[in-house]
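> Chain by chain, the residues run as shown.
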Amino acid sequence: MNSGATPSVLPTWARNWGAREIFGVLLLGGLALVPVISAAIGQPFYVTLFTRIVIYALAALGLNLILGYGAMVSFGHALYLGIGVYAVGILSFHGVNNGFAHLGAALGAGAVVAVVIGIVCLRTSGMAFIMITLAFAQMFFFLAVSLKQYGGDDGLPIAARSDFGVFSLASNTTLYYFAFILLLVCLLFFRRLVDARFGMVLRGCRSNERRMAALGFPTLRYRLTAYVISALVCVVAGVLLANLTKFASPSTMAWQTSGELIVMIVLGGMGTLIGPVAGATALLLLEEFLAGLTQHWMIILGPLIVLIVLVAKKGLYGYVSEWAVRRAKAIR
Amino acid sequence: MTLGLVLTQALNGLQLGILLFLLAAGLTLVFGIMNFVNLAHGSLYMMGAYFAAAAFGYTGSFLLAGAFAIPATMLLGIIVERVALTHLYQRDHLDQVLATFGLILFFNELVRIIWGPASVYMNAPEVLTGTVELFGLRYPAYRFAIIGVGLSVALGLYLLIHRTRVGMLIRAGATHPEIVSALGVNVRGLNTLVFGLGAGLAGLAGLMAGPIVSVQSGMGEPILILTLVVIVTGGIGSIRGAFYGALIVGVVDTIGRAFLPTLLREVMERSLAQAAGPAIASILIYLVMAVVLALRPQGLFPVKHG
Amino acid sequence: MTLLAVTGLVKRFGGLIATDGVDLTVERGEVHAVIGPNGAGKTTLINQLSGELPPDAGSIMLEGADITALPVHRRAMMGLSRSYQITSVFPDFSVLVNVMLAVQAHRGHSFSFWRPLLAETMLTDRARQAIDQVGLTARADVPVAALAHGERRQLEMAMTLATDPKVLLLDEPMAGMSLAESERLVVLLRSLKSQYGILLVEHDMDAVFKLADRITVLVYGRVIACGSPEAIRNNPDVRTAYLGDQDLVA
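Residue numbers (the working numbering), protein chains in the order written: chain A, 15 to 346; chain B, 1156 to 1461; chain C, 854 to 1103.
Don't take every hint at face value.
Just a sample of chain A residues kept apart from chain C, beta carbon distances all over 12 Å, derived [to be verified]:
id	residue
1	L47
2	G118
3	G169
4	N186
5	L201
6	Q270
7	L321
8	Y333
Not the full set, but computed from the structure, chain B residues with beta-carbon under 8 Å of chain A [claimed, not checked]:
id	residue
9	D1250
10	V1252
11	F1256
12	L1265
13	E1376
14	L1383
15	S1437
16	I1438
17	A1445
18	A1449
Since the hints were derived computationally from the structure, they do not count as laboratory data.
Cβ coordinates follow ideal geometry from the N, Cα and C atoms, glycine included.
Okay, chain A solo, but in the shape it has when bound (with noise of 0.2 Å):
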């Protein structure tokens, strides 16, 4: 990527980085300063803020796995942040306050409900597979809305954030910093998986599923792992959720959350594994933004969607990623 006529010291590694190396460092590194910055200057309210950045950074991520690089339209993903919340939240009624049981309970409720539903959506595609998994979302959201004993339409106060042990997430840095840490492992994680085998046929299938079964891949196990994978990150964000807010709401599930996941992925670059996170920072900052300009925020948002897909589909890393490839191509 660089000339090479520039003597350098770097090692080789990071000579060869260029614009969307930066930007990921950039962001990553803003975004795990954010405690320090916040003392600083004594504001711990961007702690909260940015803890939930984080949070639906992790989601937005685990969506686009299936989403970005797998071409699976899933139009109900807030359903496990829901699992991940009321996992919390019912244990924590039930007088059980360790994260180990909280995490363990919401990533094995949320394995079941994957596999189920994937197995039920994963057959079809296209639009169908859109609206199927948001009628799902749906059934869920109503499910909680029922649960009268565990606050129904109210919502679910939670008493005392989760315990490990060793640390507790009562205290917003510890949350922030475990919920990012979190983050830096799923994106770790998910960079290698995208280029290995597994990460290979999903891409495969989202080029051109035809192909891939008539070269024999059963592509159905393949693509339901995806999504068992992506819906169980989803649950971890959850459970960090419901440690941020102590409350468990059915709101979490609500179809409008599910589409502002899709969006943040969007508005970041899909296909990319920072566009997520920068999406999900973009999205989080603009909506705080605009709604200490005028409570009818929404109004500004909605027509904005509309205008991203219409002109700007390849999102905030894409067109960095685009101009880092033209460029070096130029110096070429």
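Position chains B and C against the provided structure of chain A, taking the given hints into account.
Below, chains B and C without anything else, positioned relative to chain A:
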């Protein structure tokens, strides 16, 4: 649980099914001919209800409200189609879903700005405020009228699609769009016509629902999602699927909500039934959808493409 | 030995009979060509053999096993490999990755999440082998979007071969190739045919008569003749069917 009660709930189910059919037919027509699922269809239904409630507020007449609301919704639909949706027909499904999502957010906020967040009300026409007598059963006249109007519209749609030239073009456009345009038919005009028809049906549904539901921001989406269940269960792109799917969904949902909690109390102990009954009743229709899809992923009455 | 045996295959689309009781076999080491005028149902036949289209009646046996009801990927894993008339590759990847995916399908499972695909030398080596066979070596690391049409057809063939099949179903492989490219493919298929059984659907009569051990003629979904190239060339029914369409006399 008397026969009378069952019959009443069955009729209520039929009435819900008819409303769902009006929405499903519009959605299916647009999907069949443009391969585009308009998720903002629920917003057209909502606007139809708001237009009707607003006109009713001014005139006090249900008929005048309808005379205003239905054309207004059609016009709104056509404007939205020409301005935003027409660019999306060639795009992939993700783009279509996102763009219509943005439109939903826009319309939900728009009505909140214009009419506020509280529900608005309108009344059924005077002449229909009583009850009718059916097999010794007293049933609200207005709801009965909804069923009547809906069935007439269904018949009208059937005649339109199967007995007129326009209907033939619609059927041709749904199965072989390239041929239709190659024959020199004004495809753009046909698209707009179909979209306007769908919008009109949504407006009619909104008008008729006005007196019996809460007209408020966000009312469109729960109905829309139920409509999606109808289409998916009945078979995407098929009007027949939309009709039978709507009736099944309407009746199962209504009867389920009315009787399942009671039924469960017969077979299991009280507190469990108390908790499980309403929960299962609210998700019953989704379970039915799941079972149908597990056995027949293409739905009950799928359209066969050439 | 008989690798592929098709018996009484029938396919209807509404009132139209696309496949009308077709019987044919493919032996190991032979090229069995299927020819016929346009609309004869040749691609429909291949689609039923590969599993993309379910027949209404009849059976398909692969090495004695009944595959009539099996899905596409199962048949592929049993050794049935198919090439497409309209090139069907992975446009987002390079030539090498395209062929590697074909190899990967037949080398164990793909529940591997950590090791980069391109680091798997076993797959890379086999893929490059197939790429060399079709003559695309110079273009191995090029993205598909940059390939010329003829090169894409070569890639199509490389992917079909890389799955180490037993039976090849080739749907007009010469379509869109230049004279030189077609000649090259004929040479390749001749050299390979002893290893496989090949069902070749083609319009290029030159190639058909150079390669085929047997020829089946399909008209409106029915087999009107089956035999050696000489027998087909002299068959009056075949001449009638092709009158004005092609000149069969060499």
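> Does each hint fit the structure? Answer for all of them.
Now the hints, each set against the structure:
{"no.": "1", "hint": "L47", "result": "holds (30 Å)"}
{"no.": "2", "hint": "G118", "result": "holds (21 Å)"}
{"no.": "3", "hint": "G169", "result": "holds (37 Å)"}
{"no.": "4", "hint": "N186", "result": "holds (33 Å)"}
{"no.": "5", "hint": "L201", "result": "holds (14 Å)"}
{"no.": "6", "hint": "Q270", "result": "holds (32 Å)"}
{"no.": "7", "hint": "L321", "result": "holds (27 Å)"}
{"no.": "8", "hint": "Y333", "result": "holds (19 Å)"}
{"no.": "9", "hint": "D1250", "result": "holds (5 Å)"}
{"no.": "10", "hint": "V1252", "result": "holds (6 Å)"}
{"no.": "11", "hint": "F1256", "result": "holds (4 Å)"}
{"no.": "12", "hint": "L1265", "result": "holds (6 Å)"}
{"no.": "13", "hint": "E1376", "result": "holds (6 Å)"}
{"no.": "14", "hint": "L1383", "result": "holds (4 Å)"}
{"no.": "15", "hint": "S1437", "result": "holds (4 Å)"}
{"no.": "16", "hint": "I1438", "result": "holds (5 Å)"}
{"no.": "17", "hint": "A1445", "result": "holds (5 Å)"}
{"no.": "18", "hint": "A1449", "result": "holds (6 Å)"}
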